[in-house]
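Visitor: What follows is the residue order along each chain.
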Amino acid sequence: MPNQNGRVFGLTFLCPILDDETLQISHDLQIRDYLATLPTDERSPFALAPGTHVARLVVMDDVIYVGMPAHEEHLASKYLVFETNTDADLPGYLRTLFDAIPQHIDAVWSHCTGYPGTADFDKLLAYMKACQIPTTFFFAAVNDKSVTETLLALQTQRAVAEFITTHQGMAPAQLQREFLEFYQALQSLPCPAAGGKLPRRVIKTGGHNE
Amino acid sequence: MSNINGKLYAMNAITPMKPWKTWILRVIFFLLWHIKSKQQDLINLSFIQFARWVIIPRNRFPSLSSGQKQETLTYDYLLFFSNFNGTWNQYIDAFSAVLSTGLNLIWRWSEKFPGSVPVTGFKEYIARIQFDTDYYYTAYPEATANDTKAAHIVQGALTTLATQAAAQTPEQFQAAYLQFLLAVQTHLGDTGDAPAVF
Amino acid sequence: MSKLNATDVQGFVLRGYNMPHARFCFLHFQNAAAGRHLVAQLLGSITTGQLWDNGKPQSTLNIAFTFKGLTALELPLATLISFPDEFQQGMKDRASILGDIGKNSPEHWDALWRGADIHAWVAIHALTPETLEAQFAQLNAIISATGNIHLLGSQDAAALVIDGKLSTKEHFGYTDGFGNPDYLGVCRNTQPGQGKLLPDGTWAPLATGELLLGYADEAGELPVAPVPHILAANGTFMVYRKLHENVGTFRAFLDEWGARYGAGDAAAKEKLASKFIGRWQDGTPIELSPDAPDPSIVADPNRNTDFKFGNDLSGSRCPVGAHVRRVHPRDAFGFNGKLVDRRRITRRGMPYGPQVDPTTPQDPATLDSTDRGVVFMALNASLSRQFEFVQQQWISYGNDAHLGNEKDLLLGTHLPGEKFSIQGDTNPANPPLFCANLPNFVELRGGDYFFLPSITALAMIAMELVDPR
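Protein chains in written order, with this note's numbering: chain B, 1 to 210; chain Z, 1001 to 1198; chain X, 2001 to 2469.
Derived from the structure by calculation, the hints contain no laboratory data.
Quantities reported herein were computed from a predicted structural model and do not represent experimental measurements.
Misleading hints may appear alongside valid ones.
To give an idea of the chain X side of the interface with chain Z (calculated C-beta under 10 Å), a few residues [what the hints assert, rightly or not]: (1) Asp2085; (2) Leu2127; (3) Val2224; (4) Ser2314; (5) Arg2342; (6) Asp2363; (7) Glu2406; (8) Ser2421; (9) Phe2434.
The beta-carbon is built from N, C-alpha and C at its ideal position, and this holds for glycine as well.
Construct the complete structure from the given sequences, taking the supplied hints into account.
Guide: Here it is in structure tokens:
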């Protein structure tokens, strides 16, 4: 099944949401409320758990009626759709979430039917497997690079553009020296935070024109 | 709730299909997956970071406990999840303009699909079958698919230059540096904020 | 398509008049009756698209309305709300979409655009200053006789005179006016490079509906248009933008970077200027002639717009971010230009303000502060799909061209830290160059979106006969 494209995995889950008519706020709305408060930048739970390229959580409260002559039908349960593009397969990826953000997993999935909690990884894995829907077709524009590799490449791209712009017309010996310094400084930079804005001008080498 | 994070847009769409048609679609996807040349247009379109289609047969909606009500559906459902750059209109306009045959092949099995040309009816259909994203995360909100591809090219060229640089004479380095500039000169577009949505 | 009724379309839509003098008058209607009366009085004088086979007239007259103008004319609500959103909003409210920020944001516009609502644009084009004044006097007489019409202000524009001859240059020195698309049924002669690219590599006119409402467009359907159909048909939407040019800033920038480009001499500076927009200052496309201008190409309509970028993906002839390549990428995005065909606009620009005197040197600050620039006017069937898309995605952004956030050098609103990439090759006279510290060369001083109705629609408006269905 094409849950994998090159080195990238496309995981899709449909988790039935609890239906409790005694609640003042239904479980699906509680999920929506919680998700609405979660940061989507570098403070996102997915930024804290490495290996997520892109992920979404969607409350699917029903199927959609497209009008006559199709007939109208409805879901018996509401489902939480979890769609994620990751560097690892389900067991490996779930492990990173389990280790890094168990509180968020609990906060969201405790509204779902059959959710076993985060006390036991194997039970959680079995649950997610039961909710997983195999991908029918998976497209990835870049399928051979990890999140870390891409973040580093974006940092490199920005730093290189800056270096080139500020070192035009420089004598070869000085250019070579400053390039080597620049490259060394770049190598020692940490990987930028996932989910956030790239820092500007992190390397100060010589050059002119700024 | 937002379908947008930085330069990325999350589209979710769901369409009903008569179950016998599902098998035709499976064969089409099987062929599309195994004949990579058929994916070339999707790659060349260059503003889709990730996209996937998921068929859920009517009796395969996950059932996790005996207390959960059984689904009694008569249609199978085609779910579509796309992560694209640019505006909603731009995305659909482009699809309709250059990929209409492929789109029709995928969605013609869905109920009430009007065809991807002309574009207005197609947009109305998508607007109807689209449902919104509650939470959307991307590891690189400031970068498009093109931006990440470009960044990897710069990274590769830089590594090549750096491995030679220390051992070169200044003149050799100057020549290598020019080659490096030519290799990266179309890949240095800055990343950053997305344009305003409209 | 069926034959276009050119006598029902305002002439300004179908052709550039090529008249050296113009005055754009901006009106406010005190009440609907006055507005309607004015339209009725002007109706017989409006220049139509009928061909000038018996010679040009001395002057022309055209009219267009903002959404506020149509509201002031009390068109039926069902008609008003059927106009596209962006037209209803007007250009001011689209500032964030268009990148009209900082100095370009509406609070910095000329007083004319910050005062009472502009309801109508009335344009006079003329062959001489005298005929311009004569036509303007007539207009004024009608305005006074009608009463309750305010002439809020006007904008003069005039072709620049170079070596005693009328030119199509603007104040930076570039030759303008090459790139207008051909449309089916609109142009008598089509020019290679002007319409849409066909799979066999030849060019064909664009569908009429890319310019005029009421005709099929490139997507094979009628453009979004107000009801009733007859109000919309043969009409179009116009963008009006007064673009101030900082000539001193431009020259200083060109001096600074020209000195660091190639041999750093006058020839290098001239070449660099051509890289900014993709044409030498005389208009020669650098894609066709990258090393020097070639007047024989400029003079030949079969050559001066007939080029593609597909064999120059590295941008070493014409930079990927050069102006002409941004606004008309031709085959650069693949798919035989299919992603481009519905993003074309027709431009009717004219310079305004005093011509820079080449004989007396002026300091950059004075050159910048003098009120001069280009009145940019563009026509299209859909403001959002055509003009706004080009302005946002291709001028103020670069993703489609694989340029990330890089903007058009001359038209972009630049923020600190931005650069402009000029690709090159191993030829020392054609090196790569990355310009930094980008100033803002152009500043928006005002403008709006207008509806340019057909003659029939003008009559309907004048007679209060717009029936919403």
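Visitor: Would you mind marking each hint as holding or not holding in the structure?
Guide: Evaluated hints:
1. Asp2085: holds, 9 Å
2. Leu2127: violated, 41 Å
3. Val2224: Holds. Min distance 8 Å.
4. Ser2314: holds, 6 Å
5. Arg2342: With a closest approach of 7 Å, the X/Arg2342 hint holds.
6. Asp2363: Violated - the Cβ of X/Asp2363 stays beyond 10 Å from chain Z, reaching only about 33 Å at its closest.
7. Glu2406: holds, 5 Å
8. Ser2421: Holds. Min distance 6 Å.
9. Phe2434: holds, 7 Å
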